[in-house]
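Colleague: Each protein sequence line maps, in turn, to chains A and F. Using this note's numbering, the letters of the first sequence map in sequence onto residues 1 to 308. Using this note's numbering, the letters of the second sequence map in sequence onto residues 1 to 118.
Hints are computed from structural coordinates only; laboratory data are not their basis. Hints should not be assumed to be uniformly reliable.
Claimed, not checked - Covered, in the sense of this in silico footprint (three residues per stretch, anywhere, with C-beta under 8 Å from a C-beta of chain A), are these stretches of chain F: (1) 59-66; (2) 80-87; (3) 95-108.
Note that this is a predicted model, so its numbers are computed, not measured. Idealized CB from N, CA, C, for every residue including glycine.
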Amino acid sequence: MSEKNPQNQDLENYLARLEKCLMSTSVSERAEIITEIRSHVLDAADRDPTQGVRGVLASLGEPEVVANRYLLERGLKPSKPPKGPVVKWLTIGFVSTFGIAVVAVLILLSMFTPLIKVDEKANRVVILGGVIDIDGDAGKIRIGDTNLHSDKEKGKFEGTKKITPSKHREFRIDMEVGKIKIAPSIDDRLSFECNYRGKLADHDLSESNGVVDLHIEASGGVDCNVKIPESLDLGVRVETGTVNVSDIKRSVSVEIETGELTFKPETKTKYKYDATVRTGTIESFDSSSSQNGVPVQFRIGVGKISKG
Amino acid sequence: MSIELARTENWKTQIRKGYLEFVLLLVIRYEERIYGLEILEKLKDLGLPTKEGTLYPILNRLTADGVLASVWETEGAKGHPRKFYSMTKSGLKLLEQMDEEFSSMMRSVQRLQRKNKE
């Protein structure tokens, strides 16, 4: 064993450095990590004597890097290596330059003021001084110079699906740009009727694990009317557009990056609202304090939520 | 290394990070009881060579989260204690969910691949 002593000393030095970087973990956890790494190194060196302990340690990587991976995996702050003066001043220089760049961008952005304008009377959302313009009343969306809702309709697609409550629990619709109107159907059939403009890139109705998915991509935007049976929960995700949901008795989740949601509660249903608009406005909804309130979640990036 | 090759290698690294945990749990479930060095060897055989410095922190986190159970055993002759990992009930449930999500993703990808071939 004596010829292995220098290598074992390397191992102990490595583990000491590793342990030092793991001081933010508990004593018992640290001990387990050190024991496991020691065991791994000795095992791996035994299996491949040509590598030896030094080779295995090289493969493992610097102990500070390994320790930081442990800490990051556990959501703990990684330990920082000490910086030399050159690095310190380079960092200061970079941060200052970045700060100047941020100020310049803010000045440019202020030229587009107001950043977002919500006109509730006209039912309109205007973003970045008109770069994106969503006119809820006219049902028109404009992004830059492109009108996504022109009077020219290019095509139509529709579909229906019989829903079995024991088999189907949720309907999810995922759309890039457009307008959706969702209301309850009078029977057990899910149905949709969509007009699209531009090229229809993809339209797909699929089913997996109780969830019925409708995915739509059309370069010019889509205008859809959807009817869903009462037994289905509803999930909607739209990049840019307007969503109108009315009289749904089951749980609803709507996510719109840019645009507008109008939600009309079903009169006899008590809902528990969880609504967030990052930039824009939101009307107030009466949330039920009852345990049995139907969960409703709205997430709007830029835009508004109105009551229907 | 050319820019295209570097780009591809970078993409491969990123995508492997995404499914490493899923494959790791599949290996542990299949083996029922396995320790770190053996896991590395299995992953290498599967074409997913993984660095030790990446694997052990993940195993540590999964154990702390209750996804894996671990037990120390000392092999008499060598005396190196080894930490053996196995799946917990909670881990099996998580693996089932990962399996569903992965399958759903694969179906979407295959659909796109078919459309691209049309």
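Colleague: A separate judgement is required for each hint: does it hold in the structure or not?
Modeller: Right, here's what the structure says about each hint:
1. Note: the region 59-66 of chain F has 3 residues with beta-carbon separation from chain A under 8 Å; the three-residue rule is met and the coverage holds.
2. Counting residues of the region 80-87 of chain F whose beta carbon lies closer than 8 Å to any beta carbon of chain A gives 4, which meets the minimum of three for the stated coverage.
3. Counting residues of the region 95-108 of chain F whose CB lies closer than 8 Å to any CB of chain A gives 4, which reaches the minimum of 3, so the coverage claim holds.
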